Structure formats: structure tokens, C-alpha cells
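Participant: For reference, the chains in residue letters:
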Amino acid sequence: DSGVTQTPKHLITATGQRVTLRCSPRSGDLSVYWYQQSLDQGLQFLIQYYNGEERAKGNILERFSAQQFPDLHSELNLSSLELGDSALYFCASSPRGRTSGGTYNEQFFGPGTRLTVL
Amino acid sequence: AQSVTQLDSHVSVSEGTPVLLRCNYSSSYSPSLFWYVQHPNKGLQLLLKYTSAATLVKGINGFEAEFKKSETSFHLTKPSAHMSDAAEYFCVGYRGGATNKLIFGTGTLLAVQP
Numbered sequence: 058d059s060g061v062t063q064t065p066k067h068l069i070t071a072t073g074q075r076v077t078l079r080c081s082p083r084s085g086d087l088s089v090y091w092y093q094q095s096l097d098q099g100l101q102f103l104i105q106y107y108n109g110e111e112r113a114k115g116n117i118l119e120r121f122s123a124q125q126f127p128d129l130h131s132e133l134n135l136s137s138l139e140l141g142d143s144a145l146y147f148c149a150s151s152p153r154g155r156t157s158g159g160t161y162n163e164q165f166f167g168p169g170t171r172l173t174v175l
Numbered sequence: 017a018q019s020v021t022q023l024d025s026h027v028s029v030s031e032g033t034p035v036l037l038r039c040n041y042s043s044s045y046s047p048s049l050f051w052y053v054q055h056p057n058k059g060l061q062l063l064l065k066y067t068s069a070a071t072l073v074k075g076i077n078g079f080e081a082e083f084k085k086s087e088t089s090f091h092l093t094k095p096s097a098h099m100s101d102a103a104e105y106f107c108v109g110y111r112g113g114a115t116n117k118l119i120f121g122t123g124t125l126l127a128v129q130p
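As they're listed, the protein sequences go chains A and B. Quick note on the numbering used here: the first sequence kicks off at 58 and runs consecutively. Quick note on the numbering used here: the second sequence kicks off at 17 and runs consecutively.
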């Protein structure tokens, strides 16, 4: 158990709909990351938040948005859903970026939310 | 910028035989490297990480990886495969710069035959 929780585990919805995925990071972690995993694209970084502020953007579509709240939990909003949005969505968290030795901290992944768009 | 390349998309071994999953990296500076494992329908679990303190890194479940700068490699090994090792393994690095952007290899699917 990584300490990162995600809800819901599974989500089935129809095209054109909007859904919200929720993530609670490990206690004390300030950074939250969202990833999409699909068969054809593999693991793709979507977006990162650090202590409530957007820090980095990856391959995130304009129909998708995210935010991190004062209690550090994060939500990923997916709208105008298309069949191709069906995927596993992972959240990960980490402490502050680099260790004192200058290397990067590892990220701890949640169990994921499986989104199926019909 | 850093990149990682996993050289095998599928590896099949017999139970009790050694495992070798290959990963090469490219980086203009000392890299941060990780191996993650993903069991079917599960999240990613950290196996081990390279922190530049030691070139041979020991991880969980008997896995280890050796950082070889001269070969720009970070191969994952295990002396004796177990059926429960069947999973997908990802070699991961960082893009570098101000953000913690993980760069994932394409994954190696490990099958363990009885």
C-alpha cells in the first residue's frame, strides 16, 4: 500500500459526459501528479501540482483539467468524454522535488481509476 | 533532457532461473533512475531507485539493479524468478529541469513459466 488513495476504482460513463477523479496523496507529500495509461499510448504524464499550484503540464487535453485543494487532495476533471479517453488514470505523490543529495524523489502511485467510456 | 529505453518488450523465463530486464538511459548529468513494477490491474509499485550513493542498488522482492555509467545502463536482475514476479516492469527516469517529470520506458512484460 503506497499511501495514495484514488476514488472511484471504476467508472463507466457515456460519450459527451463529464467525470471527476479524486486523489489523496501520502501524508506530507506536497506534489501530486496525474498520469494516463492506455494500451496504445502507454503511460503518459498529464499534469503536476505542488502545494496547490500547477507546476508542470504534459500531454493533457484541453477538455481535461485538474486542481489541488488546500488539504492537498487533487481532482482530475474530464469533460466531453470520447471513446478514446477510456484508460487507467493514476495519481502519484512525492515529497518536495529533490532530496538533499540533489537526486529526485520517487513518486508513489495510487491504485488507479479505470475509466470506460461507452 | 533525459530518456530511458527498455530494450525488450517481452521476456519469458522459467521459474527458478535468473531474470534480466534491460534499460539504457541517456542523460547529460547524473541521472535519477527507478524501476517500477505493475501487476495486472494494479498501480505501479517502486522496486528500487538509484540515488548515486551506490552503483549496485538492492530493491524489494530480491531484485537489484546496477548503474553502469560507461554503458549508460541500469539493468534489473533477480537470481531466481518466482511465479509472482510475472508483471510489467518500467524503467523510469526524470526529464530534469525545475519539474519532477517522470519519463517512463515502454515497459517489459515478464512472463514466468512453471
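None of these hints come from the bench; they were simulated from the model. Any given hint could turn out to be false.
[Claimed, not checked] Pairwise CB distance ranges (calculated):
1. A:S122 / B:S28: 27 to 35 Å
2. A:P152 / B:S42: 24 to 32 Å
3. A:S136 / B:N57: 35 to 43 Å
4. A:A71 / B:P34: 28 to 36 Å
5. B:E82 / A:G99: 24 to 32 Å
6. B:A127 / A:S136: 32 to 40 Å
7. B:K58 / A:S137: 27 to 35 Å
Every value quoted in this text rests on a predicted model; they were computed, and no experiment measured them. The C-beta atom is built at its ideal place from N, Cα and C for all residues, glycine as well.
Participant: Determine for every hint whether it applies to the structure shown.
Facilitator: Structure-based check of each hint:
| no. | hint | in the structure |
| --- | --- | --- |
| 1 | A:S122 / B:S28: 27 to 35 Å | violated, 42 Å |
| 2 | A:P152 / B:S42: 24 to 32 Å | holds, 27 Å |
| 3 | A:S136 / B:N57: 35 to 43 Å | violated, 26 Å |
| 4 | A:A71 / B:P34: 28 to 36 Å | violated, 48 Å |
| 5 | B:E82 / A:G99: 24 to 32 Å | holds, 25 Å |
| 6 | B:A127 / A:S136: 32 to 40 Å | holds, 39 Å |
| 7 | B:K58 / A:S137: 27 to 35 Å | holds, 29 Å |
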